[in-house]
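> If you want the building blocks of each chain, they are given just below.
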Amino acid sequence: MTQSYQLSHLDQLESEGIFVLRETAAQFERPCILFSGGKDSIVVARLAQKAFWPARPPLTFLHVDTGHNFPETIEFRDRFLGDLGAQLQVALVQDSIDRGRVVEEKGPNASRNGLQTVTLLDALEEGRFDAAVGGARRDEEKARAKERFFSHRDEFGQWDPKNQRPELWNLFNGRKQTGEHFRVFPLSNWTEMDVWQYILREEIPIPALYFAHEREVIEREGVLLAVTEFLTLREEERTERRTVRFRTVGDATCTGAVESAASTLEAVIEEVASARQTERGGRADDRRSEAAMEDRKRQGYF
Amino acid sequence: METLDGYLDMDLLRFTTAGSVDDGKSTLIGRLMFDTKTIFEDQLESIERTSRQRGDENVNLALLTDGLRSEREQGITIDVAYRYFATPKRKFIIADTPGHIQYTRNMVTGASTANLAIILVDARKGVIEQTCRHSFIASLLRIEHVVLCVNKMDLVDYAQERFEEIVAAFKAFATRLQIKEITFVPISALHGDNVVNRSANMPWYEGPSLLYHLENVYIGPDSNHVDARFPVQWVIRPHSREHHDYRGYAGRVHGGVFRAGDEVVVLPSGFTTRIRSVERFEGPVEEAFSPMSVVIRLEDDIDVSRGDMIAKPNNQPRVEQELDAMFCWFSPERPLEPGRKYLLRHTTRSVRALVREVRYKVDINTLHKEEGDVQLGLNDIGRIHVRTAEPLLYDSYRRNRLTGGFVLVDEGTNRTVGAGMIR
Numbered sequence: 072m073t074q075s076y077q078l079s080h081l082d083q084l085e086s087e088g089i090f091v092l093r094e095t096a097a098q099f100e101r102p103c104i105l106f107s108g109g110k111d112s113i114v115v116a117r118l119a120q121k122a123f124w125p126a127r128p129p130l131t132f133l134h135v136d137t138g139h140n141f142p143e144t145i146e147f148r149d150r151f152l153g154d155l156g157a158q159l160q161v162a163l164v165q166d167s168i169d170r171g172r173v174v175e176e177k178g179p180n181a182s183r184n185g186l187q188t189v190t191l192l193d194a195l196e197e198g199r200f201d202a203a204v205g206g207a208r209r210d211e212e213k214a215r216a217k218e219r220f221f222s223h224r225d226e227f228g229q230w231d232p233k234n235q236r237p238e239l240w241n242l243f244n245g246r247k248q249t250g251e252h253f254r255v256f257p258l259s260n261w262t263e264m265d266v267w268q269y270i271l272r273e274e275i276p277i278p279a280l281y282f283a284h285e286r287e288v289i290e291r292e293g294v295l296l297a298v299t300e301f302l303t304l305r306e307e308e309r310t311e312r313r314t315v316r317f318r319t320v321g322d323a324t325c326t327g328a329v330e331s332a333a334s335t336l337e338a339v340i341e342e343v344a345s346a347r348q349t350e351r352g353g354r355a356d357d358r359r360s361e362a363a364m365e366d367r368k369r370q371g372y373f
Numbered sequence: 344m345e346t347l348d349g350y351l352d353m354d355l356l357r358f359t360t361a362g363s364v365d366d367g368k369s370t371l372i373g374r375l376m377f378d379t380k381t382i383f384e385d386q387l388e389s390i391e392r393t394s395r396q397r398g399d400e401n402v403n404l405a406l407l408t409d410g411l412r413s414e415r416e417q418g419i420t421i422d423v424a425y426r427y428f429a430t431p432k433r434k435f436i437i438a439d440t441p442g443h444i445q446y447t448r449n450m451v452t453g454a455s456t457a458n459l460a461i462i463l464v465d466a467r468k469g470v471i472e473q474t475c476r477h478s479f480i481a482s483l484l485r486i487e488h489v490v491l492c493v494n495k496m497d498l499v500d501y502a503q504e505r506f507e508e509i510v511a512a513f514k515a516f517a518t519r520l521q522i523k524e525i526t527f528v529p530i531s532a533l534h535g536d537n538v539v540n541r542s543a544n545m546p547w548y549e550g551p552s553l554l555y556h557l558e559n560v561y562i563g564p565d566s567n568h569v570d571a572r573f574p575v576q577w578v579i580r581p582h583s584r585e586h587h588d589y590r591g592y593a594g595r596v597h598g599g600v601f602r603a604g605d606e607v608v609v610l611p612s613g614f615t616t617r618i619r620s621v622e623r624f625e626g627p628v629e630e631a632f633s634p635m636s637v638v639i640r641l642e643d644d645i646d647v648s649r650g651d652m653i654a655k656p657n658n659q660p661r662v663e664q665e666l667d668a669m670f671c672w673f674s675p676e677r678p679l680e681p682g683r684k685y686l687l688r689h690t691t692r693s694v695r696a697l698v699r700e701v702r703y704k705v706d707i708n709t710l711h712k713e714e715g716d717v718q719l720g721l722n723d724i725g726r727i728h729v730r731t732a733e734p735l736l737y738d739s740y741r742r743n744r745l746t747g748g749f750v751l752v753d754e755g756t757n758r759t760v761g762a763g764m765i766r
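From first to last, the protein sequence lines stand for chains R and A. Converting from the first sequence to our numbering requires adding 71 to each position, the first position being numbered 1. Converting from the second sequence to our numbering requires adding 343 to each position, the first position being numbered 1.
Certain hints may be false.
[Said to hold, decoys possible] Restricting the straight-line Cα-Cα distance to at most 30 Å, the calculated cross-link-like pairs of lysine-lysine (DSBU-like) are:
(1) R:K121 <-> A:K655
(2) A:K432 <-> R:K217
(3) A:K432 <-> R:K121
(4) A:K523 <-> A:K432
(5) A:K684 <-> A:K523
(6) A:K712 <-> A:K514
(7) R:K217 <-> A:K514
(8) R:K247 <-> A:K380
(9) A:K468 <-> A:K523
[Said to hold, decoys possible] According to the in silico footprint, chain A covers these stretches of chain R (three or more CB under 8 Å from chain A):
(10) 104 to 113
(11) 121 to 128
(12) 162 to 174
Calculated from the structure, these hints are not laboratory results. Computed from a prediction, not measured in an experiment: that's the story for all the values here. Don't be surprised by glycine CBs; every beta carbon is placed ideally from N, CA and C.
One chain only, chain R, in its complex shape (with noise of 0.2 Å):
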């Protein structure tokens, strides 16, 4: 085999995500990865740790922490972060509530999704951090087909779609004023399906959330809801136990939960394979209007 020269989707995708990696270490001062406990952020660990090796990652994770957690999701984050050897920092939106930065929302939709983008600004201000690595990829979600790798954002945290850069070949342009920072997309390429298979793959460990187990759930316009502390439910509403796992880790409010009984990798891939919903069907936040994710992106988020 060695001899054909030729490398596998995914080898293509691991080499291309290292060297954005390498790339954002080289052209940036104080760069961060931003960690949520989700698999793209692990993916995103995981290349991290082969792009410096036997070196540390020289970049900070930061986790922007809404409170409304599943419990299982920090404790992961702590093991995870902690066999890599890597540097955790975490910004939490109840400070940014508390120091009065944004306002809690009210009702039984209430979420902190939204208010998270002014907690994560903040953090990378006050971090002094000139570069963000997030797991997001242009297959998510229409407002990322054209996301750069490198992708710019003004002294307000904000991404105007026209003050981008093109990225032609290798060549990577993370040249900024003071005050601007770049937001960094390793993975970029990847579906997610090519995330579910380099987790199997590489044997990377997720969060117990991604397989079926039962839990209190209630349906609330089409979308299953985990029972916590945080959801306030409506009069109608009543809870009801079913096998259940979650496309995605997000903030326990809003993040929805399938049906399903997928109980391992191999069984969640074939599911994914066969699946009539984008992964981000599930969450209430893209659902509040066309261009949620367009607009949430031009204000700094994720």
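Following the hints, complete the assembly by docking chain A onto the known chain R.
Here is chain A on its own, set in the frame of chain R:
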């Protein structure tokens, strides 16, 4: 599990599509994604809803690829959008670019990473200026495989004569270009003829469907496996107890093959040494080739830093401060100004550069050269001469896309203002 093993070993084809609003490009991409089941129910529902609101007769597949709201409102695409789909045979990355002349820079950007280009022709209109422009860009950016899709065959009664007329006209034009392989497919993106399955409406056509061709076209190693080129990207020094004296050069192979024991030269210093090991996280690698990201460790302790290049003593890149290049200008703000200084990015190097001269501009519709007192404005392509403050380590773009391509950055605005292909 067989399906999984197969998937883990799939290969990847990157292709670009260029076309204008009305030649059916978006419908074709929508069709490929729809027929390969890349589109999900929630996306389909969303475009069905929008199609109804707009009063479209059929589900408008073109809506699938429309990106930003600002574009949807104006009904145009203004940038390169990347799309993904896979069949059991291959994974595909599409760089989808608008085809109007004012988007030449987007086509150039999309073409820079593609192995194959799909060029669409409206069967009623035949080979027009735009077809020539797209083909020229594919040739300039060294895309070796072009597929000319003659679309809207349903509107010319699936006539073989019309298809053959167009094929002949295109072949005549293409003799002026450097494209290794051209394939012609008559299709109707709207009705799906010859897109995924062979069409019963064109029994005279004996070639493959478009998707079959995309799945099976042999894409040789995209990069050059003769000239060993390794631009150093990052120096790894762990400073830990167990790796106290470790010093490794991280980068992505841009050409050729590197093995432990190989004699190498480090440029621009010119020191020679041997490779002690080629490594990855998983352990030593027997040989590294493009586009692998690896770490190279050398036998001798010599000074190597980012921007240097590791090559073989008997096969070195050019080490020069002068370069002659074909160049596309991207900036809407002002034209390329001879005598002005820019920052030039090439491999992992970044140097100051002075544009000394614009030798000529190409009329990209006719390939005619305009010489004399010319300047390059937005979307113009021409030949320029550049002098750099420090040597560049380069090859001609024809020989190696990665060591022959560069961009210019405006030092005032920090924007990428143009891209060049070294001759």
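> Please go over all the hints and tell whether each is borne out by the structure.
Right, here's what the structure says about each hint:
1. Between K121 (chain R) and K655 (chain A) the alpha-carbon distance is near 26 Å, which keeps this suggested pair within the 30 Å criterion.
2. About 26 Å separates the Cα atoms of K432 (chain A) and K217 (chain R), which keeps this hinted pair within 30 Å; it holds.
3. Taking the CA atoms of K432 (chain A) and K121 (chain R), the gap is about 28 Å. The hint holds against a cut of 30 Å.
4. Of the supplied pair hints, the one linking K523 (chain A) and K432 (chain A) holds, its CA atoms being roughly 23 Å apart against a limit of 30 Å.
5. Restraint check for K684 (chain A) and K523 (chain A): not satisfied, since their Cα atoms lie roughly 37 Å apart, outside the 30 Å limit.
6. Under the criterion of a C-alpha separation no larger than 30 Å, the hint pairing K712 (chain A) with K514 (chain A) is consistent with the structure, at around 21 Å.
7. A distance of roughly 33 Å separates the Cα atoms of K217 (chain R) and K514 (chain A); the hinted pair therefore is violated under the 30 Å criterion.
8. With a C-alpha separation of about 41 Å, the suggested pairing of K247 (chain R) with K380 (chain A) is violated against the 30 Å cut-off.
9. Distance restraint check for K468 (chain A) and K523 (chain A): the Cα-Cα separation of roughly 25 Å lies within the 30 Å cut-off, and the hinted pair is therefore satisfied.
10. Counting residues of the region 104 to 113 of chain R whose beta carbon lies closer than 8 Å to any beta carbon of chain A gives 0, which falls below the threshold of three, so the coverage claim is violated.
11. With 7 residues carrying a beta carbon less than 8 Å from a beta carbon of chain A, the region 121 to 128 of chain R meets the three-residue requirement, and the given coverage holds.
12. Counting residues of the region 162 to 174 of chain R whose CB falls under 8 Å from any CB of chain A gives 0; the rule of at least 3 is not met.
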